[in-house]
Each structure stands twice: as structure tokens, then as C-alpha cells.
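*Asks:* Sequence order for the protein chains is A and B.
Residue 74 in my numbering is what sits at position 72 of the first sequence, and the numbering runs on without skipping anything.
Residue 194 in my numbering is what sits at position 192 of the second sequence, and the numbering runs on without skipping anything.
Calculated from the structure, these hints are not laboratory results.
A few of these clues could be false.
Copies of one chain are not kept apart here, so a pair can be met inside one copy or by any two copies together.
Below, in silico cross-link-like pairs of lysine-lysine (DSSO-like), each with a Cα-Cα straight-line distance of 27 Å or less [what the hints assert, rightly or not]:
no.: 1; residue 1: Lys153; residue 2: Lys117
no.: 2; residue 1: Lys103; residue 2: Lys153
no.: 3; residue 1: Lys103; residue 2: Lys117
The structure displayed is predicted, hence computed values, not measured ones.
There are 2 protein chains.
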Amino acid sequence: MTSPENGKAEHAITMRDVAKAAGVSVATVSVVLNNKPGARIGDDARRRVQEVVAELGYRPNVLAKTLANGTSRFIGLVADAIATTPFAGQIIHGAQDEAWKNGYVLLVANTDGNKAAEDEAIAMMLEHQVHGILYSTWYHREISVPPSLHKTTTVLVDCFASGSGLPAVVPDETQGGRTATEGLLAAGHRRIAFINTTTPSPAQSGRLAGYRSALEDAGIAYDDSLVFPALPEQEGGYASTASILESKATAVFCHNDRVAMGLYDGLREHGLRIPEDIAVMGFDNQDVIAAHLRPPLSTVALPHYELGAAGVRMLLGIDSSSNTVATLVACPPVQRQSV
Amino acid sequence: MTSPENGKAEHAITMRDVAKAAGVSVATVSVVLNNKPGARIGDDARRRVQEVVAELGYRPNVLAKTLANGTSRFIGLVADAIATTPFAGQIIHGAQDEAWKNGYVLLVANTDGNKAAEDEAIAMMLEHQVHGILYSTWYHREISVPPSLHKTTTVLVDCFASGSGLPAVVPDETQGGRTATEGLLAAGHRRIAFINTTTPSPAQSGRLAGYRSALEDAGIAYDDSLVFPALPEQEGGYASTASILESKATAVFCHNDRVAMGLYDGLREHGLRIPEDIAVMGFDNQDVIAAHLRPPLSTVALPHYELGAAGVRMLLGIDSSSNTVATLVACPPVQRQSV
Chain A
3 MTSPENGKAE HAITMRDVAK AAGVSVATVS VVLNNKPGAR IGDDARRRVQ
53 EVVAELGYRP NVLAKTLANG TSRFIGLVAD AIATTPFAGQ IIHGAQDEAW
103 KNGYVLLVAN TDGNKAAEDE AIAMMLEHQV HGILYSTWYH REISVPPSLH
153 KTTTVLVDCF ASGSGLPAVV PDETQGGRTA TEGLLAAGHR RIAFINTTTP
203 SPAQSGRLAG YRSALEDAGI AYDDSLVFPA LPEQEGGYAS TASILESKAT
253 AVFCHNDRVA MGLYDGLREH GLRIPEDIAV MGFDNQDVIA AHLRPPLSTV
303 ALPHYELGAA GVRMLLGIDS SSNTVATLVA CPPVQRQSV
Chain B
3 MTSPENGKAE HAITMRDVAK AAGVSVATVS VVLNNKPGAR IGDDARRRVQ
53 EVVAELGYRP NVLAKTLANG TSRFIGLVAD AIATTPFAGQ IIHGAQDEAW
103 KNGYVLLVAN TDGNKAAEDE AIAMMLEHQV HGILYSTWYH REISVPPSLH
153 KTTTVLVDCF ASGSGLPAVV PDETQGGRTA TEGLLAAGHR RIAFINTTTP
203 SPAQSGRLAG YRSALEDAGI AYDDSLVFPA LPEQEGGYAS TASILESKAT
253 AVFCHNDRVA MGLYDGLREH GLRIPEDIAV MGFDNQDVIA AHLRPPLSTV
303 ALPHYELGAA GVRMLLGIDS SSNTVATLVA CPPVQRQSV
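Working from the sequences, and respecting the hints, build out all of it.
*Replies:* As C-alpha cells, this is what we get:
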């Protein structure tokens, strides 16, 4: 048993090594590498430095550069729960890809909703002179902004804070609810139930608004006896089975894929076939579940990857953003075999 | 529409501000803050500096400290797929908690198994003078080590590389397979089928070895007609239903929870009740699935959080490690209602 030290002694190439090999001063190397304006360096010396840099494989010390410039190539991402859901993982993935594409590195901190961990993560990021911070939650909701976020450029991802002046990027819940309902209407259904979550949230109100608007456009009167509240998990979907059967609905829009999975179990216990006897539409396109139910679940995808990527683009000023209205990202339909 | 600049102008406290307020030189402040050995600073000046630091809320510039010390308070984590599985998220979570506990910050890079992205991530981490790198995969397997990992202290997490000399921490698949089988034996079963994965891997061989060893300890002869190969997903479990029924097994150990979920569907179609007619044991304790099947699934947990935490402890020399044999982390049983 030893402690893990694996040939760490290898000598790193320094600016001093480059200066020596090129026969110039360290200051000259620094000026050439940093493209400092107004510095007069002969073409010859400049070329020699560049050749030696290539030859020795010298990589400029990014930390020294950060100190010189006052801001780093880091973007911070503070997430409340990357560990307990596959969702936030996709936000990280999208943010990382977009950050790398633009020459930035993502510093990720998971806070588990713990206030002290969050304060520490933000302080750490400020100490590292991040270019800015993405503050993200694993489900779409309104937040109160940690005051220290105002010390840097901040974009809220999958959350928003009215009146904070911070730009935000969130999923378009209303369009998503409309898209889900339209998928059922397009299959010929007219009596469509909606199992909605009991948790007050933009998803609860937005998906309901989308459901209503799709029905209205199809000339179907909204009937609130077809809307059933349930816990947004498998257990909630299963528990809704009796109400769904009594409602005589021929199709069900479920608040999320977990609810749909529970409803599948309930419908099966009554010997009902999906979609022949009753059609089921999910929401989220949740990994590990949606594509693997029997039959595979038709659903609407939460655009988590795109939320992360859009947040970075807004932070870097590549995409424009608003300080008063959250930017909406569309929830696209995913057609499988349950409708 | 504006670009997001939110009061970023706030002046950060610098070492210069501290020096001015304390009536000493910047060099003196630096010596006091960095506890440089051999420097002679009067007790009075030292105390004044410390008081001013507390009063102004000055935070030493960690990047400057890194430059001075030659190594940062960063630990790198290179992961091949944090986005497509909830598993790797738990590795990150465990690594982050342990890193923070010891005053380190985790730099996370997701590579999606892309070689170029991986090389770039490792180069970026080396540039930032990380204290070391955790290299992790989302499922337990043997890897070939990217050569640049030998330039720093590296610990392999959920993977290993024979003969590389790199320490590794992996789940104890054999113990896990034994624990799963013992759970079925303890419920009185003697004819226990095993649906194993078709993918050659330490999980395939280890869980089988554990299954055999538990049977042997119970005085039951191993019968390879009770072992069925299947794709390690819901579809594989479902497709195994007929073979399981023909085998007359009273209990089934499934390679993972997704296989168990598919088998549930197949058994239900034959009107069989779990566990009254046939007991089902999973593996992984996969989030979103295991606790939410009907009935909730008894399983064995993959210790991803603990793998990440143990990796950091080995990297920091808190836990000892071996350069020749992977360190095993136990897979604990999770009892629910399917056995």
C-alpha cells in the first residue's frame, strides 16, 4: 500500500525556458505571448519566440494570464441537485459543450439546496475570478437570488427571480402542454384527461394553460372534471387509475413520465391496452424510463441540454437576453407508441 | 434586450487596500498572509494586518497563491458520461463533498467518451495545476490510460487499468452478486435463476461468481441451465420471461434494475404476482426506477457516491491505496417488497 504518486516530477516548460532557448528576455516572451499592445518587439525576436514555443510545447500558464487580465476563462455553474436527477446532468452537459466551444472551462458546484454549501460555492467561484455564474435548479421554479450573485455576471437557468434584473432561461411549459395535447388530438381523441401535479410550479400552471389552449383551438370546451391532481411520481399516476377510468377519457396527458409509468401499471391491472384502449402522453422524455416502457412512451422533451447551452451563450453575450422577461426554450414532441 | 451586466463594478478588496489600512507594505501583508518561513515581521504589524483583513473582509487571491505554491486547490474529475446516467452524478457528488471537506474544489469535465474532448479536458486541468485527477467511467470496466494522466497524480474511479501502476477504486461485484443471491436464499428459495448481461465486463463475471459462491455456501449445486444471457435493459428482462417460466425457478436475480423492470412487465402479462408467485431481485438501486416499481424492488446498491469520495481520499493520501490491486467498495443490500 502506497500513496499515489506517479512520476509527477516531470519538469514543466516555463516562460524562462522559452526565453533562454530563444535568446531573449522573459519580458519579451511575455509580450509576444500576450499580444500586449504598444510593445515594440522586432519581427525576428517575435518569430524566434513563436518557434521555440512550438518546439518545446510550451503552454502559457493560464493562472498567470488570469492574474494579469483580472478575469479567468472559468464559468461557474451552481446547481442544486446534479446527483439526484438525470436532468441537471443534461444542463451541465449543454453548458460545458458551449463553454468549451468558446474557450471557457466550466467550474461545477452541486449544493443540494444547502444554503451554506451554496454560499461557499459562490464565494469560491468569485475568488477564482469567474467570468460569470450560471445558477441552475433541477426543476423549473422561482427562486430568491443569493445576494453574492450580484457581484458577477449571472444567468439563471431553469429558474427565474421576478424583479431581480437577472436574465433567465426556462422551458416553455405552456407550449409543451399544448404540444402534448395536440399529439392526442391529432390521433383523433376528443375526451382527454390531464393528470396534473399537486406541486404549485410553473410546470403546473403552464402545462395546464397549454392543455386548455390546445383544446380551445380544437373547438373542445374545457371541462375541469377531466383534470386530476396527483403526486408527480409513479405512485401518483397509479393512484389516479380509478378516476381516469370513471372519467371515460380515451386519452390521458400525464404531468410527467413518472406519472405515466404509474398509470401504465394501473391500466394494466384493469386489463387495458395502451394505446388501443386508452392513449397515454407523458412529459419530460426522462432517460431510462420513457423509451423503455411497454409500449414506449410518447412524450414531450424538457430541453435541459439546450437550457445549459443557452445560459452560457447569454452569459457570454453571444445570445441576447432580457433583464425583465425569462427567455423561453421550446419543449419538442417525442413520438413513440403510446398514442 | 441587453447583455447581462449586473452591478459588476463593485470594488474587490485587494492586498494593496489591506496594506494601506494597516500602514504596512504590500510585501508585509503578503508575508503575513502566506505564513512565509524565515520572514521577520513584528508581532504588532502582524496583528494589525490580521485585524484589517478581518475588518475589510479581504479574501486572499487564490490564483496568486497557486502561482506561488506551484499547485492549486483544484482536483480534476474526468467523467465519460455524466449526462446520460444518474450514476456518474453520484460519483461527482461524492467526490465533491470529500474535496470540499478537505478544502479542495472539483473541476468537472464530461467527455462523452470522445478522445479529443478527453485530451483537451486533461490538458486544461494540467494547465490549471490541479492537485491530481480522478478519471471515472459510468460503468465498471477496464480502460487504457490516456498517457497525459501520468503527468499528475491520478486515481481511477469505477474503472481500472491492469499494469498501469495507477490506483483504482471499484465496486465489489462479487460480494454484490453474493449479497443479492443470499437475499433470495434467506427468503427460502432454492431454485434461483440468474439473468446475466451479454456484455463482457467485471459486472458480468463478478456477479456470476457471487451468485455461484452464495449457492455453494448454501449447499446448492450450480446449474448453468438457470443462467440466462440478456441485454442489460428493460427489453432484455422482458425477452427473458419465457425462459424464466420454463426454468421453474421460484426466484430470479436480475443483472440490473432495468432488467428487473422488463421482467416485471413480462411476468405480469402471465398473470404472475411478485413476490407471491415469483421473487425478483435487482442490482444497482437505480434512482427513479427501483423504489417506484410495483412492488418496490429489492436490490443491491452500486456505491457510486462512495466511489467518488474514496477516490478523493486516495488522491489526497487520506486513505491508503495500492498501485497493483484495485480497492473494492462494498455493494449494500436494499430490501423492499419484491422478495
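*Asks:* When no copy is specified for Lys153 and Lys117, does a C-alpha distance of 27 Å or less occur within a copy, between copies, both, or neither?
*Replies:* Within one copy only: 17 Å inside a chain, 37 Å across chains, cut-off 27 Å.
*Asks:* 27 Å Cα cut-off: does Lys103 pair with Lys117 within a copy, between copies, both or neither?
*Replies:* Between copies, since 16 Å is at most 27 Å while 32 Å is not.
*Asks:* With 27 Å as the alpha-carbon cut-off, assign the pair Lys103 and Lys153 to within, between, both or neither.
*Replies:* both (25 Å within a copy, 25 Å between copies)
This entry satisfies every hint, going by the numbered hints stated previously.
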